[in-house]
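Going down the list, the protein sequences come from chains Y and D. So that you can map any letter, position 37 of the first sequence is 37 in the working numbering, and since no number is skipped, the others follow by simple counting. Offset between the second sequence (1-based) and the working numbering: plus 1000.
If you're looking for bench data, these hints aren't it; they were derived computationally from the structure. Being a predicted model, the structure only gives us computed values, none of them experimental. We put the CB at the ideal spot given by N, CA and C, even for glycine. There's no promise every hint is true.
Unchecked claim - No more than 27 Å apart at the CA atoms, straight line, and that leaves these computed lysine-lysine pairs for BS3-like:
1. D/LYS1078 x D/LYS1201
2. Y/LYS33 x D/LYS1207
3. D/LYS1142 x D/LYS1078
4. D/LYS1207 x D/LYS1179
5. D/LYS1120 x D/LYS1078
6. D/LYS1120 x D/LYS1062
7. D/LYS1035 x Y/LYS33
8. D/LYS1078 x D/LYS1035
9. D/LYS1209 x D/LYS1078
10. D/LYS1118 x D/LYS1062
11. D/LYS1207 x D/LYS1062
12. D/LYS1142 x D/LYS1204
13. D/LYS1062 x Y/LYS33
14. Y/LYS33 x D/LYS1120
15. D/LYS1209 x D/LYS1062
16. D/LYS1142 x D/LYS1062
17. Y/LYS33 x D/LYS1118
18. D/LYS1179 x Y/LYS33
Stated by the list, open to error - Some but not every residue of chain D turned toward chain Y, in silico, with C-beta under 8 Å:
19. ILE1019
20. ILE1054
21. CYS1190
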Amino acid sequence: MPDVDPMVWRLQFTGSLLIIGLLIEAICLFSAKPIAFVLFVAIGGLFLFAGVTVYLFSIVSTPRS
Amino acid sequence: MPLGTTLIVILVLFSAALIGVLVARPAVTATRGGKILAFLVLFFLPILCGAMGISSEMERSKTTAFCLSCHTMEAYGKSLYVDDPSHIPAAHFQNHRVPADEACYTCHTDYAMFGTLKVKLDGLRHVYIYYLGTPPAPENIKLYEPYNNRECLHCHLGARSFEEGATHTADPATLRAIKSNSLSCLSSGCHDVVHDISHLKEAKFWKEKN
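Bound conformation, chain Y alone (with noise of 0.2 Å):
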């Protein structure tokens, strides 16, 4: 099994968080019901948050080649 790169693997885990963070939004931006509103702060927003933050501490965490 080849190695796989650690940045290109937490950008890839990172990409994904985000992708479904962004997805979460984009669905409940469509609704106008406050369940809605909960599930786009709570869930999407924690997927971003953690998306984000991996993100950053992989940037900051891997060694330059």
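Following the hints, complete the assembly by docking chain D onto the known chain Y.
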């Protein structure tokens, strides 16, 4: 859906597509330009989307339709159409003394510092009770705290009808008491017909002409 919200949805989907390109082709980030692009796409755009989305959702949460979308609030929405000028919410709504599309929020927000945040947190409590708790019957719903005159005075303070009204000026102490919230506008027996939902069946309703 409002145009602003549509544009935000387009931005969100565009951002997701760009992130998808980076996930599928991470080699793009090997160059200096690719790293800058990755920073914009993985940091700047998601934060921009989140901030714009929250702003849009906050504005939408002020609308009358948003508040009345819960089944429990139906009777309260109906009470806005009672054809009787002594019904304070109905008279305000029908005569556009409050913006009709933000009627609930205009009267039930808190015009103090951090008031909007406070009422949004109260709103979250409503959602929690609605979905995970036992919502009370509409006629048993009570305010968390007595209605503060501050919310009325936000618009009426300084208005001639308020400052020079015969009842308000009959006793010099009355106006001072109203302004200091020691004499309630609503529960003192003066303007006490609010959302009288227990008598909705007998009420006559106004029909809005389109």
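We went through each hint and held it up to the structure:
In summary, the hint linking D/LYS1078 to D/LYS1201 is supported, as the alpha carbons are separated by about 11 Å, within the 27 Å threshold. Taking the CA atoms of Y/LYS33 and D/LYS1207, the gap is about 25 Å. The hint holds against a cut of 27 Å. This hinted pair checks out: D/LYS1142 and D/LYS1078 have alpha carbons roughly 17 Å apart, not beyond 27 Å. For the proposed pair D/LYS1207 and D/LYS1179, the alpha carbon gap of about 35 Å is over 27 Å, so the pair is violated.
Among the hinted pairs, D/LYS1120 with D/LYS1078 is consistent with the structure: their alpha-carbon atoms are about 23 Å apart, no more than 27 Å. Proximity of D/LYS1120 to D/LYS1062 is assessed by CA-CA distance (about 9 Å); at most 27 Å being required, the pair is judged to hold. Distance restraint check for D/LYS1035 and Y/LYS33: the Cα-Cα separation of roughly 39 Å exceeds the 27 Å cut-off, and the hinted pair is therefore not satisfied. As the CA atoms of D/LYS1078 and D/LYS1035 are separated by approximately 56 Å, the hinted pair breaks the 27 Å bound.
For the hint linking D/LYS1209 to D/LYS1078, the alpha-carbon distance of about 16 Å falls within 27 Å, and the restraint holds. Restraint check for D/LYS1118 and D/LYS1062: the C-alpha separation of about 13 Å stays at or below 27 Å, so the hint holds. Taking the CA atoms of D/LYS1207 and D/LYS1062, the gap is about 24 Å. The hint holds against a cut of 27 Å. Only pairs whose Cα atoms come within 27 Å are accepted, and D/LYS1142 paired with D/LYS1204 is accepted, the gap being roughly 24 Å.
Between D/LYS1062 and Y/LYS33 the alpha-carbon distance is near 12 Å, which keeps this suggested pair within the 27 Å criterion. The straight-line distance between the Cα atoms of Y/LYS33 and D/LYS1120 is roughly 14 Å, inside the 27 Å bound, and the hint therefore holds. The straight-line distance between the Cα atoms of D/LYS1209 and D/LYS1062 is roughly 24 Å, inside the 27 Å bound, and the hint therefore holds. Using a Cα cut-off of 27 Å, the hinted pair D/LYS1142 and D/LYS1062 holds, with the two alpha carbons roughly 20 Å apart.
Restraint check for Y/LYS33 and D/LYS1118: satisfied, since their Cα atoms lie roughly 20 Å apart, inside the 27 Å limit. With a CA separation close to 36 Å, the supplied pair D/LYS1179 and Y/LYS33 exceeds the 27 Å bound. Satisfaction of the interface hint for D/ILE1019 is found here, the shortest Cβ-Cβ separation to chain Y being roughly 5 Å, below the 8 Å cut-off. Because the beta carbon of D/ILE1054 sits about 7 Å from the nearest beta carbon in chain Y, less than 8 Å, this interface hint is met.
Using the Cβ-Cβ criterion of 8 Å, the hint placing D/CYS1190 at the interface with chain Y is not satisfied: the shortest such distance is roughly 33 Å.
When each numbered hint is compared with the structure, violations occur for hints 4, 7, 8, 18 and 21.
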